[in-house]
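Asks: This is what each chain is made of:
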Amino acid sequence: MIRFVVFICGAVVMSFEILGSRVLAPNFGSSVFVWGSLISVFLTGLSAGYYLGGRLADKSPSSRKLSLIIIVPGLLLLTFPLYSGPLSDWIFMKDLGVRMSPLIASSALFLIPSVFLGIVSPYTAKLMICSLHTSGKTIGTLYALSTFGSIIGTLITSFYLITLAGVNALITGQGILLIILAIPLYFMNLSCSIDQTGPAA
Amino acid sequence: MLRIFSLLSLWLLLFPLQGFALEPSEKLLFEKNSLYQYIQVIEDTAKKERYVRNQKREFTQGGIYVNAPDKLLLEFTQMSFVSLAFLDRDPKAVLFVGLGAGAMPKYFARRYPDANIDIAEIDPDMLAVAQKYFYFKENEGMKVHVDDGRLFVKRTKKKYDWIILDAYQNDYIPFHLTTLEFLEEVRSKLKENGVVVANITSSFRNKFFDSMVMTYKKAFPHLAIFRGKTSGNFIFVATTGSIMKDKENVVVRARKIQSDRKFDVDLAEIASRHEDSLPYEWEGAKILTDDFAPVNLYQHQKSDAR
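As they're listed, the protein sequences go chains A and B.
Each residue of the first sequence is one higher than the one before, counting from 1 in the numbering used here.
Each residue of the second sequence is one higher than the one before, counting from 1 in the numbering used here.
These aren't lab readings, by the way, just hints derived from the structure by calculation.
Possibly wrong hints are sitting among the right ones.
Between beta-carbon pairs, the in silico distance windows are [stated by the list, open to error]: (1) Gly-136(A) / Arg-205(B): 34 to 40 Å; (2) Lys-286(B) / Tyr-83(A): 23 to 29 Å; (3) Lys-157(B) / Ile-156(A): 40 to 46 Å; (4) Thr-230(B) / Ile-156(A): 38 to 44 Å; (5) Lys-94(A) / Lys-158(B): 18 to 24 Å; (6) Phe-204(B) / Asp-58(A): 56 to 62 Å; (7) Gly-136(A) / Phe-204(B): 27 to 33 Å.
Covered stretches of chain A, as calculated for chain B (at least 3 residues, CB under 8 Å) [said to hold, decoys possible]: (8) 22-28; (9) 157-166.
All figures in this text were calculated on a predicted structure; none of them were measured in a lab.
C-beta: ideal position from N, C-alpha, C; glycine also.
Using the sequences provided together with the hints, build the complete structure.
Replies: So this is what it looks like as structure tokens:
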């Protein structure tokens, strides 16, 4: 289950990023500044998420908390069509320049979801590490799954999903997917024995 | 790290650097991987023609005759001028979205010296190429704005008599320049009875072409279509006023413009190939919007019409 969660979160990150370029283009064009903003905001979100996720993971991690972490981007993506249009229009009207406009818009739209999706990686790693002897293997597997998910998310989105439905519907769908994923996690009560035997605070 | 690698490969997919095999008669004058595209300037020494293109011959963005740089070489540039016959006056304010080699604005400016011309071109290297290899020059009446076409249209306070949409990347139009929302923005920058002309390539009847017809038809009350004879180009002429709906009228006007403005292109002949959009309209085609516009994928899918 945890492996599946990591895979899906990896897929959602990149799918969301691909769709993000579509969200930005009507108001901010498809200049190199838009691509630069988009990619750097996602990477900023992920790196902040990795950092925070590592900290959080050391404080009695549980699948219930993981569920709550995933619910946040789930809800943000579910409701994305409600705020993305007005927010983009508003930033367009402010006209902060060819660089700042797309950078601010990307931050407003994509930063928070990508922080939370970034938290998932270290957090699940901690949940999965039940034996220090195989921690390398566990972390390696999770990295691979996350990135493999990203590859699949990128390909499916750009090759197929874009012809099947509108950008807003796809993002909403991703939100629903994350929420569906989060619900069973909440009741699973997965945690790892290493947490009880871990170093005393 | 792996994620960064996957992002990097995505970046490379978007901006590939790859040369292209030349014909023996072709000489490479210039090549550059610009911010937006691979630009290649080629001279065909046998035909005495010079082109600017992306990776492939099909991705030719513009061209001139080396010995007659003021003539129009490419069919779609010649055909686009037929749209002037749909205008009930001489155009005073003109907007080109997409510069290419600059052949069209240069040709137009020479015949309409009083017109005020704005050109939106996203790629500064394309402008440099047009100036260096295609004798394109800005002047008081003709100004290039290095900006995304959509943003220029959205932000401009001006209104235009004639708007020419010809922005391409390789063989496709960037999706945000194909949507209903964009066409409505374009329409809002037209003066009364203004005319929009668009160059749409469709080497075979694909879903993209069907969708473009329906999207233009949705945004504009009148749409005429001209099919290229020697190229896979279609010229869409969209108008808000119905004054020039009468085909005979268009041909007469085309003939008058041709002689008054000394066109060396047979505008009257092109005008006589006037087709109503109706036979091209297919209700099953999806209208492209900012939310739904799979431009690239639709270009490779055969039309479902009939």
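Asks: Each hint needs a verdict: does it hold in this structure or not?
Replies: Structure-based check of each hint:
Judged by the Cβ atoms, the range 34 to 40 Å given for Gly-136(A) and Arg-205(B) is violated: they are separated by roughly 56 Å. Look at Lys-286(B) against Tyr-83(A): about 26 Å separates their beta carbons, and that is inside 23 to 29 Å. At roughly 42 Å, the beta carbons of Lys-157(B) and Ile-156(A) sit within the given window of 40 to 46 Å. In this structure, Thr-230(B) and Ile-156(A) meet the distance hint of 38 to 44 Å, their C-beta atoms being roughly 40 Å apart.
For Lys-94(A) paired with Lys-158(B), a C-beta distance near 22 Å keeps the hint of 18 to 24 Å intact. Distance hint check: the CB atoms of Phe-204(B) and Asp-58(A) are about 60 Å apart, consistent with the given range 56 to 62 Å. One distance hint, 27 to 33 Å for the beta-carbon pair Gly-136(A) and Phe-204(B), is violated here, with the actual separation near 54 Å. Residues of the stretch 22-28 of chain A lying with their CB closer than 8 Å to a CB of chain B number 5, which satisfies the three-residue condition for coverage.
A stretch counts as covered by a chain when three or more of its residues have a beta carbon under 8 Å from one of that chain; for the stretch 157-166 of chain A and chain B the count is 5, and the coverage holds.
Hint violations for this structure: numbers 1, 7, all remaining hints satisfied.
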